[in-house]
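Student: Here is how the chains run, residue by residue.
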Amino acid sequence: MSTTDDAFTEQRHGALTALSDLFWRRPKLLVLLLLAPPLLWLGVIYVGALLALLLQSFYAIDEFTGLVDYDVLTLKTYRELFNPANLDIIIRTVLMATTVTLASAIIAFPIAYMAARYARGKWKAMFYLAVMLPLWSSYLVKIYAWKLILAKEGILNWLFAQLHLTGLLEAYLGLPVVGGGSLSISYTGTFLVFVYVWMPFMILPTQAALERVPVNLTDASSDLGATPWQTFRHVTFPLALPGIIAGSIFTFSLTLGDYIIPQIIGSSRLFIGQAVYAHQGTAGNIPLAAAFSVVPIVIMGLYLWMAQRKGAFDAL
Amino acid sequence: MTTAVSLKAITRRFGDVLALDAIDLDIVEGEFFAMLGPSGSGKTTCLRVIAGFEQPSSGELAIFGERAETVPPYKRNVNTVFQDYALFPHLNVIDNVAYSLMLRKVERSERYRQAEAALEMVKLSGYGARRPGQLSGGQRQRVALARALVNRPKVLLLDEPLGALDLKLREQMQEELKSLQKRLGITFIFVTHDQGEAMSMADRIAVFNLGRIMQVGTPEEIYLTPASRFVADFVGSSNVLPPDFVGTLTGKPGWASLRPEAVTVTAGAGANLIGMVVSRSYLGATTRLTVDIAGQRIHAVMPSGPAMPEEGEQVAVSFDPSALHRLADTP
Numbered sequence: 001m002s003t004t005d006d007a008f009t010e011q012r013h014g015a016l017t018a019l020s021d022l023f024w025r026r027p028k029l030l031v032l033l034l035l036a037p038p039l040l041w042l043g044v045i046y047v048g049a050l051l052a053l054l055l056q057s058f059y060a061i062d063e064f065t066g067l068v069d070y071d072v073l074t075l076k077t078y079r080e081l082f083n084p085a086n087l088d089i090i091i092r093t094v095l096m097a098t099t100v101t102l103a104s105a106i107i108a109f110p111i112a113y114m115a116a117r118y119a120r121g122k123w124k125a126m127f128y129l130a131v132m133l134p135l136w137s138s139y140l141v142k143i144y145a146w147k148l149i150l151a152k153e154g155i156l157n158w159l160f161a162q163l164h165l166t167g168l169l170e171a172y173l174g175l176p177v178v179g180g181g182s183l184s185i186s187y188t189g190t191f192l193v194f195v196y197v198w199m200p201f202m203i204l205p206t207q208a209a210l211e212r213v214p215v216n217l218t219d220a221s222s223d224l225g226a227t228p229w230q231t232f233r234h235v236t237f238p239l240a241l242p243g244i245i246a247g248s249i250f251t252f253s254l255t256l257g258d259y260i261i262p263q264i265i266g267s268s269r270l271f272i273g274q275a276v277y278a279h280q281g282t283a284g285n286i287p288l289a290a291a292f293s294v295v296p297i298v299i300m301g302l303y304l305w306m307a308q309r310k311g312a313f314d315a316l
Numbered sequence: 001m002t003t004a005v006s007l008k009a010i011t012r013r014f015g016d017v018l019a020l021d022a023i024d025l026d027i028v029e030g031e032f033f034a035m036l037g038p039s040g041s042g043k044t045t046c047l048r049v050i051a052g053f054e055q056p057s058s059g060e061l062a063i064f065g066e067r068a069e070t071v072p073p074y075k076r077n078v079n080t081v082f083q084d085y086a087l088f089p090h091l092n093v094i095d096n097v098a099y100s101l102m103l104r105k106v107e108r109s110e111r112y113r114q115a116e117a118a119l120e121m122v123k124l125s126g127y128g129a130r131r132p133g134q135l136s137g138g139q140r141q142r143v144a145l146a147r148a149l150v151n152r153p154k155v156l157l158l159d160e161p162l163g164a165l166d167l168k169l170r171e172q173m174q175e176e177l178k179s180l181q182k183r184l185g186i187t188f189i190f191v192t193h194d195q196g197e198a199m200s201m202a203d204r205i206a207v208f209n210l211g212r213i214m215q216v217g218t219p220e221e222i223y224l225t226p227a228s229r230f231v232a233d234f235v236g237s238s239n240v241l242p243p244d245f246v247g248t249l250t251g252k253p254g255w256a257s258l259r260p261e262a263v264t265v266t267a268g269a270g271a272n273l274i275g276m277v278v279s280r281s282y283l284g285a286t287t288r289l290t291v292d293i294a295g296q297r298i299h300a301v302m303p304s305g306p307a308m309p310e311e312g313e314q315v316a317v318s319f320d321p322s323a324l325h326r327l328a329d330t331p
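Chains G and Z are the protein sequences, given in the same order. Be aware that the first sequence starts at 1, since it is given in the numbering used here, and climbs by one per residue. Be aware that the second sequence starts at 1, since it is given in the numbering used here, and climbs by one per residue.
Hint data in this document are derived by calculation from the structure and do not stem from the laboratory. Glycine residues also receive a C-beta, built at the ideal position from the N, C-alpha and C atoms. Treat the hints loosely; a few may be bogus.
[Stated by the list, open to error] Calculated cross-link-like contacts (lysine to aspartate or glutamate; reagent style EDC-like; alpha-carbon spacing at most 20 Å):
| no. | chain 1 | residue 1 | chain 2 | residue 2 |
| --- | --- | --- | --- | --- |
| 1 | Z | Lys123 | Z | Glu107 |
| 2 | Z | Lys182 | Z | Glu29 |
| 3 | G | Lys310 | Z | Asp95 |
| 4 | G | Lys28 | G | Glu10 |
| 5 | G | Lys152 | G | Glu170 |
| 6 | Z | Lys75 | G | Glu170 |
| 7 | Z | Lys154 | Z | Glu171 |
| 8 | Z | Lys154 | G | Glu153 |
| 9 | Z | Lys178 | Z | Glu29 |
[Said to hold, decoys possible] Calculated from the model, a selection of chain G residues having no Cβ within reach of chain Z, i.e. all distances over 12 Å:
| no. | residue |
| --- | --- |
| 10 | Gln11 |
| 11 | Val131 |
| 12 | Ala161 |
Turn these sequences into a full structure, and let the hints steer you where they fit.
Tutor: The following block contains the structure:
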């Protein structure tokens, strides 16, 4: 048999061919090469910066000089975090993040469910467009637009007046905590804008999770005697939970860290983000700013740990 | 005899498509009933109408004498074994089986006792703590069966439950299903596209095609006396002979079927039907031959022997005239 004409292997040469052959023989090498840049980015720039931040929070500011004392590591800054004024900021922010997350989840679920179960073809494209469209416009523009909507002279007040419901709105604004001079300077206003701005981040993961729940599981549940509500409680919801948790990580952590929305819409009381902004800027208290920014990280860690313990990721 | 499920002129439309075209069917309590047909023939839609997942566009459905077409699935005493099992991935095996008991608020220990008994019935005791994802296809099949039976439904619906299993396992499950059905006395309604499966398990078979029922009868009736060309061809892959050919054989033209095992093929001439072997497949105990007789192909299945005709050989074809079964003119 001649080896030149009917050779089993095709004879090709060149550096690129040799490289392809090498990657084919050692697939892990290719994976390593592809992963190295993102891992370096994540490891050095991202985690490194986080660790530097953590380190900052263990320094403290010297009361006499007003300068940061880089010679001693101390928990003094963390103690300061727990004084009533600062604790107040933390509690306010966590409560806001919690209500925003719950409201987002409740509003997002039916939308995500409709999209996952009933929307097909053109309607599905419409859904994605409708959910994503608000993300295309500037965050600041949206917030200022909301300020106008919620203001005393805004369209919402006008609408209530047209419906002869001004009294109802006044009564609501008269309530303690949630009320205020007008919606645009109340916690309710802050809450509404947070829910609006973060909504896509809740809808999309929830929809993705629901998409993966086979329709025949719903059929099976119903077949075994479950009313639609029981099917929701025992099948649909548990299977969508990882998606809802993923969405809530976004809404919760974004609310915990945001400093622009509460600054533009809401009462003048500070949220964590604003506190960080103020301490690292004008006040020059970098350690306290760092300690403040550790709070959301700790809270998110606790939240995920609890979610995992409760079996939220069992359906993954 | 009580009628378990009764369908009267059940019609189901999906847009322009007529999935079920005025189906009339009575299924007797305690029988093993098979709905057989090719894909798209309406058999699964029919099962889903009985389960309650589909509402008929028109017609009457009664389950044990009670009108059911507007009763939601969760209020029907009918359970289903789904084609791909539809086990709940977030629950372990015992909780999957105990699901219906949990809904009915059966106390926990009693619930698990009954679920364990159901698992034992399908030979899966001790698998309760596993997740469905950790089981093989055959085991999932059994869990689905236990889950549907734990309630002791009056009617069990099975939607191609053995389709995803390999041959050996499928044959074993066929026997187990049959004996389980005998033991429990529950009405089984079984959807399949595999005629062998339908024949080996069912007491009665309904053959579906294009949204209609072509024939209802025992496996013997369906096999020996098919009512139409479709049934003759689909069940038992009979030779369906056209009117001209039957006319030259018998003098009376008309469609007829001829079972391949009734045909004898012998080497050389001699009989009045002479043809040529176009293909030969060895199936073990039997050999399948296709003979071309002046343009008409006839299949024969004969016991394998040492002197089988070769491909391309001239052969004589003969059969007992009584094996020729006349068919109606309808397709």
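Student: Sort out whether Glu10(G) lies within 20 Å of Lys28(G), counting only the CA atoms.
Tutor: Roughly 25 Å between the alpha carbons, so the hint for Lys28(G) and Glu10(G) is violated.
Student: Would you mind confirming whether the straight-line C-alpha gap from Lys123(Z) to Glu107(Z) stays at or under 20 Å?
Tutor: The hint is violated at about 24 Å.
Student: For Ala161(G), which was marked as not at the interface, is the minimum beta-carbon distance to chain Z over 12 Å?
Tutor: The claim holds: Ala161(G) sits with its nearest Cβ about 46 Å from chain Z, beyond 12 Å.
Student: Under the criterion that the straight-line Cα-Cα distance not exceed 20 Å, is the pair Lys75(Z), Glu170(G) satisfied?
Tutor: Violated: Lys75(Z) and Glu170(G) sit about 49 Å apart, past 20 Å.
Student: Is the Cα-Cα distance between Lys182(Z) and Glu29(Z) 20 Å or less?
Tutor: Holds, because 12 Å separates the two Cα atoms, which is no more than 20 Å.
Student: Verify the proposed pairing of Lys154(Z) with Glu153(G), using a straight-line Cα cut of 20 Å.
Tutor: violated, 67 Å
Student: Take a quick look at whether Lys152(G) and Glu170(G) sit within 20 Å of each other, Cα to Cα.
Tutor: At roughly 11 Å apart (the allowed maximum being 20 Å), Glu170(G) and Lys152(G) satisfy the hint.
Student: Is the Cα-Cα distance between Lys178(Z) and Glu29(Z) 20 Å or less?
Tutor: The given pair, whose Cα atoms are some 15 Å apart, holds under the 20 Å limit.
Student: With a cut-off of 20 Å on the C-alpha distance, tell me whether Lys154(Z) and Glu171(Z) pass.
Tutor: Violated, at roughly 25 Å.
Student: With the threshold set at 20 Å, check whether the alpha-carbon distance from Lys310(G) to Asp95(Z) stays at or below it.
Tutor: Within the cut-off at roughly 17 Å; holds.
Student: With d taken as the least Cβ-Cβ distance between Val131(G) and chain Z, does d exceed 12 Å?
Tutor: Per Cβ check, Val131(G) is outside 12 Å of chain Z; nearest 26 Å; holds.
Student: Report holds if the minimum CB distance from Gln11(G) to chain Z is greater than 12 Å, and violated otherwise.
Tutor: Non-interface label on Gln11(G) holds, nearest chain Z Cβ at 43 Å vs cutoff 12 Å.
Violation of the numbered hints given earlier is confined to hints 1, 4, 6, 7, 8; the remaining hints are satisfied by the structure.
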